[in-house]
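All chains, full assembly: derive it from the sequences and hints.
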Amino acid sequence: MVQPPSERQIFFERDHLPEGMKALVIRVKVPRLYLIADTHAHEQTTIFDDRMVYVEISPDEWLRTKDDPAAA
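With the UniProt record's numbering applied, the sequence shown corresponds to residues 1 to 72, in that order.
No lab work stands behind these hints: they were computed from the structure.
A virtual CB, placed ideally from N, CA and C, is assigned to each residue, including glycine.
Among the clues, some could well be false.
Cut-off 25 Å, straight-line C-alpha distance, at most; resulting in silico cross-link-like pairs (DMTMM-like, lysine to aspartate or glutamate) [said to hold, decoys possible]: (1) Lys-29 / Glu-13; (2) Lys-29 / Asp-50; (3) Lys-29 / Asp-49; (4) Lys-29 / Glu-7; (5) Lys-66 / Asp-15; (6) Lys-22 / Asp-60; (7) Lys-22 / Glu-7; (8) Lys-22 / Glu-56; (9) Lys-66 / Glu-13; (10) Lys-29 / Asp-60; (11) Lys-29 / Asp-15; (12) Lys-66 / Glu-56; (13) Lys-66 / Glu-19; (14) Lys-22 / Asp-50; (15) Lys-22 / Asp-68; (16) Lys-66 / Glu-7; (17) Lys-29 / Glu-56; (18) Lys-29 / Asp-68; (19) Lys-66 / Asp-50.
Pairwise CB distance ranges, derived in the manner of DEER restraints [unchecked claim]: (20) Lys-66 / Arg-32: 31 to 41 Å; (21) Leu-63 / Pro-18: 13 to 23 Å; (22) Glu-19 / Val-53: 17 to 27 Å.
Rendered as structure tokens:
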């Protein structure tokens, strides 16, 4: 049975996944703001960090998508 998105658990570290839980791994870009000092002005630039997010999926979903990740 497919779970609605609002009922899925999300984890930010793989170590926190409960044993036996299937999870879809998604790479997201998280903005990090830096101030760059210039002699004439201060500019802001955004640098992105890659983070891995683990989203709970049901065993049925995992079986259907393991051969076709784009279907997830």
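Point to revise | Non-conforming hints, listed in increasing numerical order | key: 10
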